[in-house]
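J.: Below are the chains, spelled out letter by letter.
2 protein chains.
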Amino acid sequence: MGSGRLATNPMKKISLLALAASAALSSPLLAQAKPEETAALRDAALTDTVAWDITEGLTTEIGPRLAGSDAEARARDWAVARLKALGFSNVRIEPFEVPYWERGEASAAIVAPYPQPLVLTALGNSAATPTKGLTAEVIGFDSLDSLKAADPAAVKGKIVFLTHRMAVTQDGSHYGTVGKVRREGPSVASKLGAAAILIRSIGTDHHRAPHTGSQSWSDGAQPIPALALANPDADQLERVLKRGKPVTVALKATARMAGKRLSGNVIAEVPGRDPDAGIVLVGGHLDSWDQGTGAIDDAAGVAITTAAAKRIMDAGQPLRTIRVVWFGSEEIGLFGGAAYREKHKGEKHHLLAESDFGADRIWRFQTSVAEAALPAMKPLAAALAPLGIQLAPRNGDASGSDISEIQKLGIPVIELGQDGTRYFDLHHTPDDTLDKVDPVQLRQNVAAWTALLSVTANDPTDYGPVPPGAH
Amino acid sequence: MGSGRLATNPMKKISLLALAASAALSSPLLAQAKPEETAALRDAALTDTVAWDITEGLTTEIGPRLAGSDAEARARDWAVARLKALGFSNVRIEPFEVPYWERGEASAAIVAPYPQPLVLTALGNSAATPTKGLTAEVIGFDSLDSLKAADPAAVKGKIVFLTHRMAVTQDGSHYGTVGKVRREGPSVASKLGAAAILIRSIGTDHHRAPHTGSQSWSDGAQPIPALALANPDADQLERVLKRGKPVTVALKATARMAGKRLSGNVIAEVPGRDPDAGIVLVGGHLDSWDQGTGAIDDAAGVAITTAAAKRIMDAGQPLRTIRVVWFGSEEIGLFGGAAYREKHKGEKHHLLAESDFGADRIWRFQTSVAEAALPAMKPLAAALAPLGIQLAPRNGDASGSDISEIQKLGIPVIELGQDGTRYFDLHHTPDDTLDKVDPVQLRQNVAAWTALLSVTANDPTDYGPVPPGAH
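Line by line, the protein sequences give chains V and W. Oh and the first sequence: position 276 is 276 in full-length UniProt numbering, straight run, nothing missing. Oh and the second sequence: position 160 is 160 in full-length UniProt numbering, straight run, nothing missing.
No lab work stands behind these hints, which were simulated from the structure alone.
Heads up, incomplete: computed chain W residues facing chain V, CB under 10 angstroms, no partners named:
| no. | residue |
| --- | --- |
| 1 | His207 |
| 2 | Asp233 |
| 3 | Gly292 |
| 4 | Leu434 |
| 5 | Lys436 |
Each residue gets a CB set at the ideal place from its N, CA and C atoms; glycine is no exception.
Could you build the full structure based on these sequences and the hints that come with them?
T.: Here is the structure:
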């Protein structure tokens with residue numbers, strides 16, 4: 001099915017127009033949430049405890065939840081129990097298979113000219129070194145482009161060091177640029193004949209906490225050891241290289257692919273009054289990288305969206321069904337999002353919204369909706385403004401990692417944007433732990449999501465379809 | 001020799017009185033530095049590059065410098081070469097032996113009820129676990145006193161978890177209180193029959209960067225594995241214990257004592273015009289813990305004091321000899337300070353001053369001088385005030401780790417106090433790296449030390465002797 005699915009279903013379209021007309025007649029079934037009701041729900045959410053309880057519980061009682069691991073399986077069971085206890089309907093696990101990669105151990109040291117250890121960790125899908133390790137000269141590049149332009153004869157058999165700087169941005173936009181270095185650098189180095197690649201961590205901190213992350217081998221690239229140096233260690237290796245003497249590094253890594261494992265999405269629902277009104281999907285991802293306990297990435301995301309959905313559920317049945325999805329195996333390549341699309345592409349989705357950017361204060365919201373639906377964003381903007389949240393001027397920028405696959409079918413998306421100023425200090429590091437979640441800001445998130453659901457799950461206006469390529 | 005050494009040497013005392021008298025007659029040999037000369041030297045030091053070069057060089061070209069290690073030996077050679085190149089006189093190594101302890105590897109995981117890894121590192125002199133590790137139930141204590149009061153039957157065979165909180169203080173004074181937990185806790189736990197002890201890191205940060213540090217086994221305490229959890233991991237273990245179920249932890253540590261090794265102090269001098277006027281000793285320590293590169297602890301300290309001494313040297317011969325000491329093996333138990341005292345206790349020291357509290361802005365100075373010498377602090381206070389540095393009201397609080405042994409002989413001490421607000425975020429962790437040194441604040445330190453030396457190395461007034469127990 002193509003990305004214009006909703007537009008090609010004339011029956012649905014007519015039905016929606018009819019619903020919109022009846023809404024104008026103030027049918028009790030279809031009435032929009034009154035602004036004062038939304039405001040009351042929103043403000044009550046500023047004392048929320050559910051989001052903290054979920055974030056604290058998941059990170060404490062499960063901890064790290066690597067995609068495909070036993071811990072992720074325990075997390076699914078934990079999620080089912082918690083979602084049932086909260087009163088949600090249709091709580092279930094939808095399983096799927098994933099390739100399983102194990103980090104193993106990694107160590108490295110400068111051997112010459114200045115012997116000393118370096119702190120680093122494997123990137124997703126990294127190969128191991130030989131059991132005894134490998135020792136080779138380092139060749140440094142300050143950008144992916146300079147690596148791409150390198151003479152293979154100069155790179156062959158060497159350890160490539162790819163350094164670059166990530167800037168702090170409130171909206172995290174620099175991740176798009178430098179994330180490419182992590183995702184593409186290893187394949188480029190491999191094709192040039194490198195023995196291994198060390199990249200500077202994709203992160204904005206100054207701690208000995210290397211940032212892992214996914215990368216995949218492009219066609220024809222043999223897997224090699226691919227690791228991220230902590231930022232202070234990348235600084236150090238830069239300084240050592242600048243001395244101009246040949247630099248030799250010894251490296252050991254035991255990372256490996258370990259077959260297929262089971263992963264899964266956990267789903268819970270608040271059934272709507274009108275089964276034909278479509279689904280408002282909210283959620284985040286249940287899996288985490290294995291270095292930290294995945295507090296900001298993304299226990300907080302599933303916690304915030306679940307807490308908000310529970311508030312709407314407890315306030316009375318919404319017009320549209322709210323579906324909360326705790327996606328599995330996001331980190332290793334959006335497997336949960338792909339599995340969700342495959343299974344649910346035939347269902348009507350009114351709106352998608354994901355929380356996967358930490359738990360600091362939400363400062364703006366973005367939309368990817370039909371141009372005709374923009375006026376319908378005004379009630380939401382009014383409901384969010386008291387929380388210090390403004391509508392971004394450009395339509396078409398809203399997305400989310402897990403929802404990106406099904407979004408391609410033309411489904412509208414609203415994105416509540418957290419302040420990401422410190423997000424990339426912690427992202428994918430051992431430092432992603434509960435203490436990084438500020439309870440006050442977490443509650444502001446719950447309030448914003450409660451307002452979002454109060455408005456959108458009760459708004460009879462259709463926000464789509466979104467034309468292909470509009471986001 | 002007792003602590004009233006200088007007071008019991010009438011010849012010296014008379015000689016000093018005579019000098020003071022001649023100073024009053026403006027003898028060129030003994031003239032105090034003119035305030036405007038000190039001010040000029042101080043302000044020129046605000047553009048210093050020597051301290052940065054030493055800090056950068058030592059942390060880059062040597063890196064971690066564990067007491068007794070090959071790296072510490074390389075650091076001594078590096079120091080000799082650098083001090084000679086800077087033009088100092090009498091540059092030499094004074095060797096001594098130390099017990100050598102190796103950190104090895106440490107890993108731990110909660111086995112039940114919530115399996116997940118914990119980040120930790122061994123404390124100095126920790127024993128190893130059995131090769132296969134040890135697994136035991138955890139018993140938690142929130143203070144050293146509650147551990148001391150524990151029933152041995154409740155502790156026997158268990159892993160003691162000793163948690164406590166360190167407060168951020170500008171002057172670092174909380175280290176005195178909570179440092180005791182690290183130094184004494186392991187022996188107390190051992191005597192109660194514990195299988196191992198995990199302490200919450202003595203630190204004020206929230207990173208997965210455990211704080212190591214020295215501890216020694218008291219009489220009758222069998223060495224056991226003694227390790228520090230990173231603060232987020234101590235938080236986590238607290239949360240897990242609060243759930244009320246029995247908590248089991250599996251622990252591996254390969255730390256070991258490995259015989260005797262050579263360490264040493266590196267000494268350099270600026271000979272004074274009057275060999276009888278006594279020595280102004282300044283310095284810090286050359287060794288570091290092995291987790292970081294020892295930038296704030298204490299490459300910066302040796303760098304700041306050396307840079308200041310060089311400025312005085314280059315400005316013309318001072319009245320008194322300035323002796324710069326880069327002490328060895330401070331971290332594992334002040335061995336360098338003890339060796340220095342043993343070797344140099346017969347020499348006349350006018351003043352001791354050590355920099356071992358990072359490189360952030362100096363905000364006050366403290367004194368441990370004879371009461372009669374307090375008026376002589378006024379020119380120094382005047383020279384430091386433009387840098388935002390004030391004299392602490394109470395005399396007797398100045399000290400320093402390496403100089404603490406020889407200070408006991410009654411020698412005056414002045415302590416320039418850095419702002420320690422973030423010092424214990426980094427102290428003894430892998431995060432003690434060059435990027436934590438702010439070049440601007442480092443230069444303020446050099447300026448303050450330059451003023452200190454300009455005044456005190458040219459001041460004919462004697463600042464001592466300091467009565468026993470006065471500091």
